[in-house]
Amino acid sequence: MRKIQNRSMLILLLTLAFFAGIVYHITNLSIHASEWASMPINGHIADTTGLDHAGTIYDRNGVILAQSVNGKRIYNEDETTRRACLHVVGDDSINISTAVQTAYRSELGSYNIVFGLGLPESLKKGSDLTLTIDSKMQKAAYEALGSNRGAVVVYNYKTGEILCLASTPAYDPENVPDDIETNDEYEGAYINRCVSATYPPGSTFKLVTAAAALNNVKEAENSTYDCQGSAEIGGKEVTCYEISGLVDMKQAMCESCNLYFGQYAVNLGKDAMTRQAEAMGFNKNITYDGIETAKSVYNVKNATTNDLAWSGVGQYTVLESPLNMAMISASIANGGKAYEPYILKTNPNPLKFEGHKTKTMLDSKTASMLYEMMDYTAANNYGKSSFSDTLDVCAKTGTAEVDEGGAHAWVTGFCKDEEHPLAFAVIVEHGDSGYRAAVPVAASVLAAVA
Amino acid sequence: MITLNEILELVSFGLRLCAPFVALLVVVLCFMSLSYGRRDEHALIALDDDDRNIRYPVLFWENSIGRSRGSDIRINDLTVSRDHAVLLRRSDGWFIADTDSKAGVYVNGEKTEGRVPVHIGDRIAIGTSVLTLSRADAQSDSKRRRVRDKKTVSCKLILVFLTVYILMIGIEAVINMGNYAVLMPTVGFILTSWVFYIITRAVFKRKSFELESLALLLSGSGIVLCASHDQHQALVQLAAMILGIGIFCFMLWFIEIPDRVMKWRLAISILALLLLAATLVLGKNLNGAKNWIIIGPFSVQPSEFAKIAYIFVGASTLDQLQTKKNFFGFIIVTALCLGMLFLMSDFGTAVIFFVTFLLISFMRSGDFKTIILAVSAAALGVLVILTIKPYIADRFAVWGHVWEYANEDGYQQVRSLIYSASGGLFGMGISKGYLQYVFAHESDLVFALASEEMGLILAVLFALIIGGFMIYARTVTTRSRSTFYSIAACTAGGMLVFQAALNIFGVTDILPLTGVTLPFVSYGGSSMAACWGLLAFIKSADERTYSHKKIKPKKIRKKEPAVTVVKTQDNDFIEI
Chain R
1 MRKIQNRSML ILLLTLAFFA GIVYHITNLS IHASEWASMP INGHIADTTG
51 LDHAGTIYDR NGVILAQSVN GKRIYNEDET TRRACLHVVG DDSINISTAV
101 QTAYRSELGS YNIVFGLGLP ESLKKGSDLT LTIDSKMQKA AYEALGSNRG
151 AVVVYNYKTG EILCLASTPA YDPENVPDDI ETNDEYEGAY INRCVSATYP
201 PGSTFKLVTA AAALNNVKEA ENSTYDCQGS AEIGGKEVTC YEISGLVDMK
251 QAMCESCNLY FGQYAVNLGK DAMTRQAEAM GFNKNITYDG IETAKSVYNV
301 KNATTNDLAW SGVGQYTVLE SPLNMAMISA SIANGGKAYE PYILKTNPNP
351 LKFEGHKTKT MLDSKTASML YEMMDYTAAN NYGKSSFSDT LDVCAKTGTA
401 EVDEGGAHAW VTGFCKDEEH PLAFAVIVEH GDSGYRAAVP VAASVLAAVA
Chain P
451 MITLNEILEL VSFGLRLCAP FVALLVVVLC FMSLSYGRRD EHALIALDDD
501 DRNIRYPVLF WENSIGRSRG SDIRINDLTV SRDHAVLLRR SDGWFIADTD
551 SKAGVYVNGE KTEGRVPVHI GDRIAIGTSV LTLSRADAQS DSKRRRVRDK
601 KTVSCKLILV FLTVYILMIG IEAVINMGNY AVLMPTVGFI LTSWVFYIIT
651 RAVFKRKSFE LESLALLLSG SGIVLCASHD QHQALVQLAA MILGIGIFCF
701 MLWFIEIPDR VMKWRLAISI LALLLLAATL VLGKNLNGAK NWIIIGPFSV
751 QPSEFAKIAY IFVGASTLDQ LQTKKNFFGF IIVTALCLGM LFLMSDFGTA
801 VIFFVTFLLI SFMRSGDFKT IILAVSAAAL GVLVILTIKP YIADRFAVWG
851 HVWEYANEDG YQQVRSLIYS ASGGLFGMGI SKGYLQYVFA HESDLVFALA
901 SEEMGLILAV LFALIIGGFM IYARTVTTRS RSTFYSIAAC TAGGMLVFQA
951 ALNIFGVTDI LPLTGVTLPF VSYGGSSMAA CWGLLAFIKS ADERTYSHKK
1001 IKPKKIRKKE PAVTVVKTQD NDFIEI
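Protein sequence lines, in the order shown, are assigned to chains R and P.
Under the numbering used here, the residue at position 232 of the first sequence is numbered 232, and the numbers go up by one with no gaps.
Start counting at 1 in the second sequence, then tack on 450, and there's your number in the numbering used here.
Hints listed in this document are in silico derivations from the structure and should not be mistaken for laboratory results.
Keep in mind that the hints are not guaranteed to be accurate.
Restraint-style ranges between C-beta atoms, simulated for each label pair [what the hints assert, rightly or not]:
1. R/20 - P/501: 50 to 60 Å
2. R/180 - P/458: 33 to 43 Å
3. P/685 - R/113: 30 to 40 Å
4. P/458 - R/147: 52 to 62 Å
5. R/20 - P/962: 48 to 58 Å
6. R/364 - P/962: 46 to 56 Å
7. R/113 - P/464: 50 to 60 Å
8. P/482 - R/26: 50 to 60 Å
9. R/182 - P/455: 35 to 45 Å
We put the CB at the ideal spot given by N, CA and C, even for glycine.
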C-alpha cells in the first residue's frame, strides 16, 4: 500500500499542474480582461448601447468632448470642435480604431474588473477620461488644414503628453453623413492620419541620415561636398532643387541638399543607415497608451546604390508616420531622449497602462548638433517669423515626391521655449511644398498656443 | 422612479452576488467533513519476530511483505524475496498470500499455496524469519478517541445549502428569462438529489454524502445553465444524471468485494472492447468523430462507458499485482482500445485513454522507464499519423495564435475569452450571455459559458471541485481496503482532472481545443452518466463507504476469535 501511496504522488503532481493552469488562466484574464471585453466583436458592446452609460471625455482644460445624457451619446457643442476632435474621440460606432471611444470602450463603459460588464442598468456608471489633448489646438489645426487632407501632431517633449492629433478629412460624429461610404470627400475619414498612416518623409529624413553620419564618422559635421545640382551615384542620377556649391553639413541641411545626404547614405552603407533608422523608431511598433500605430518603414535590403542614396533623403521606399516624425524632433529637442507619447491624463487601469518611459534615439552630442542645424535652418531658410512671432521655433521641412499627384508637404520641429516645450509634425497631402503648404499650418497651430 | 423591471434586475444581481458564496460554503463544508471523518492510521494487528525481537505493525488492509524498500513490512533477511508475500484483510478475516517467493510461506509449519487464512497466534515462516500474528497494543485507543471527538458536519445541512444554491441560480434564471422554462429541470434536480440522499441513508445505510454532494453541485449547475438555453436538453441531462446515480450505486455494490471484481475482469475487458467495436460498426458520424450509436430517440457515446470498464481492467489487488504482473493483457486491451478510437477519429477520448494507461501502469509498477517508453512510442505514433494524415495537424495550427484567426479556426476560443472577460467575477446573468450563440457552447465551451453567465468565481470553483476529487482520491490511498480501490480511485480522479484540463485549457487557448466535455457540467448524457460511474471508484476507495457492513458478531465469534479485533475496529469506526 505504501508503494501505491508513493506512486500516487504523480497524480498529485498532475492535479498541481491543473491548478497551476487555472492560476495562469486567472492571471491572464485579469491582465487582459478589459482589453478583451472591449473588443469590437464583443456582442455586449458592439452595438451603440455600449456607450449608453459611458463616462465623460474631457480635454486637458476640462472641456467636455463627449458625454452620455439619458442613455444618449452627445459631443462638444461646437461643430468645428466636434469635427476637429473626431479622430481622437471617435463616434458611436467603432469604425475609428485608434479613437478613445473605441480603444477604451470598456474603461469608458461600465466595465470593471470585478463585475465585468455585468452590472444591472440602474447601477451602471461609466468612468470618465481626461485626455492630454487641447481642443483649441485641435480646432486650429483642423481649420488650418481646411479642405486639404493631412495631419497635425503636437506633443510635449518634456513629458510625452499629446496635445494635438488632428486629421482630415473628418465628419461630425453627431450627424454622421449618410454617404460616408460612397462619397470621395470622406475617403479615408475613418483613419487618423497622425498615427495610422505612413508617408514618404522626403527631406525631413535628412535628420536621420545626419544622425547616422554624426554617430559613425568622426567630425562628420565638418565634411564637405561640392554640389553641382546633380550627380551620378551608383550609375544613376541624384538631383537637387538648386546648386548649393561647397557645403558642410549644417549648410547642406539648411539648403536641403540631396546630394550631400544621398552620398552620405551610400558612404555609411545599408547597415549603419538601418541601425540609425531603427534607433529612431523605424521598423518598430510604436504605441501610445496601448493604442497601436502604423509602423514606419526603412528597408534597404534590396536597394541599389542609387536607391540607397535616395533612401538617405527620405525617398525610395521609406515611409514614416507623422507621430514618429514628431518623436524624432522631440528627441532632438530633449537631448536625444524622446518621451513615449501618451493621451490619457489620468490612468484608468494601472494593470493595462504602464508608466511613461523615455526612449533614447540619439546620444546627447548628436542631438545638440542636430538641434543647432534645425535652429540654423529655421532661421536662415524659412525665417523664424514664418512659424511664430513669439515662439522660437527650430524646424526642417520636406517635400516628398510621390508617384501620383503633387508632392507631400512636411514640416517637423520644436519650440525652444521652456514654457512651451512642444514638438510637432505636419503633413499636407499633395501640398507640393513643405515651406508653402505645411509651414503655415504649423504656424496656425502654434498661434493657438501663444 | 424605479420600475418593476429595475427591481427584478437588482434582485437577479443580488442572487448572482450571493450564489458563488453559498456554493463555496457547500464545497468547504464537504471537504471539512471529508477530513473530519478520517480514521487515524493505527495498527490493527502486528507481526512479532521473537528471535530478533522485532515487532512489525500491520497498518493497512493489504500489506506487502518483502525485502525491497517500500514494502509495508520490510524484513531485512536475505532469504526473503523482494516481494515475498501479501498479508491482506477481507471481510472474513486475515489472509496471507505467497506471491511467487523463492523460499515460500509456511503457516504453522505447513507450506502454503495461494491465499490462506491466518489467525492470532499463527506462526508464519517467511524465509528464515518466523513471525507470530498478534493483536496490536491498545495504546492507540486514546488517540482514536480524540479523532472520534472531532466535530462532524451534517450531510443533511450540506444538502440544504446545496438546495439553496440551486434555487438561487434557478430563480435568477427565471427572472432573467422572464419565463419558467428552467423551473421543471431545477425542481426535478432538487427532488432527485433529496431522494438520492434518503436512499443512501435508508437503503444503503451510508452516512457519508460529501462526494455525492459535490458531484450534485456540478451536475445541478450544468443542468440549470443548460435549461436556460434549451429546456429539452436540460431534461435529458437530468435523466442522464439519474441514470448516472444508478450506475454509481450499482458500481459501489459491485466493487465492494474486490475479489469478485478480479474474477469478472476478463468479462469486463471484453465488454469494453465490444462497446468500442460496436461503435465502430454501428457508429454514426457526428461533428467529425464516428463515436455515436443512435438507438431510437437516444444517441449514446459508448466510449464514455468504455472508460469505466478500462479502469476495471487496469486496477488490481495487491497480491495479484505482486504475482501475476498481468501487464501484458492490460497492454493488449489498451492497444485495441486506442486503435479503435483512432479508427473512429475520436482523438480526444484516445488521448484520455492513453493518459489513463500511463497513470495505471505507473500506479501498478512505479516504473518510470515503462512510462518513458510508452510516451516515446506514442510520440512516434503521432508522428506517423501526422505524416499519413497531415490535415490533423491543422487542428492545432491555431493553438496559441487564436487572435490571428478570430473569425476562422480560433472563433470559439476568441469568443470564449472575450465573453469570459465580460462576465467578471459574478457573470452577466444566466441566459444573458452572448456565448450561447456560439457552436458547442453547452459542451466544449461550457467553462467559458459559466464564466460569462455565472461569473469567474463559480467557474473556477467547478474546476477546483474536480481537482479536489483528485486530491481526495490520493489522500485515501492507504486507507482504502485494497490497492484495487487506491489504483482505481487515483486513476478515475486523474481521468476527471485530465479531461477537465483538456476542456478548460482548450477553451482558454492554453492547450489545443480538443472538444472533450467538462466532467459533470457539460451537456452530454453519456458523459454525465460515465462521470458518476468514475466517481464510484473514488467513493469506494474510502473505507467509510463500506464501514456500515458489520460482520455479524455471533457468527464470527464462533468461527475464529481473531476476527473480533476486526469487528471492534469496525464498530469503533462506524461511530465516528
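A quick look at each hint next to the structure:
The hinted window of 50 to 60 Å between residue 20 of chain R and residue 501 of chain P holds, with their beta carbons roughly 52 Å apart. Separated by about 40 Å at the C-beta atoms, residue 180 of chain R and residue 458 of chain P satisfy the suggested range of 33 to 43 Å. Between residue 685 of chain P and residue 113 of chain R the CB atoms are about 37 Å apart, so this pair conforms to the stated range of 30 to 40 Å. Between residue 458 of chain P and residue 147 of chain R the Cβ separation comes to about 54 Å, which falls inside the hinted range of 52 to 62 Å.
Under the hint 48 to 58 Å, the C-beta atoms of residue 20 of chain R and residue 962 of chain P, about 18 Å apart, miss the expected range. The hinted range of 46 to 56 Å is satisfied by residue 364 of chain R and residue 962 of chain P, whose Cβ atoms lie roughly 51 Å apart. About 20 Å separates the C-beta atoms of residue 113 of chain R and residue 464 of chain P, a value inconsistent with the hinted range of 50 to 60 Å. About 24 Å separates the C-beta atoms of residue 482 of chain P and residue 26 of chain R, a value inconsistent with the hinted range of 50 to 60 Å.
About 41 Å separates the C-beta atoms of residue 182 of chain R and residue 455 of chain P, a value consistent with the hinted range of 35 to 45 Å.
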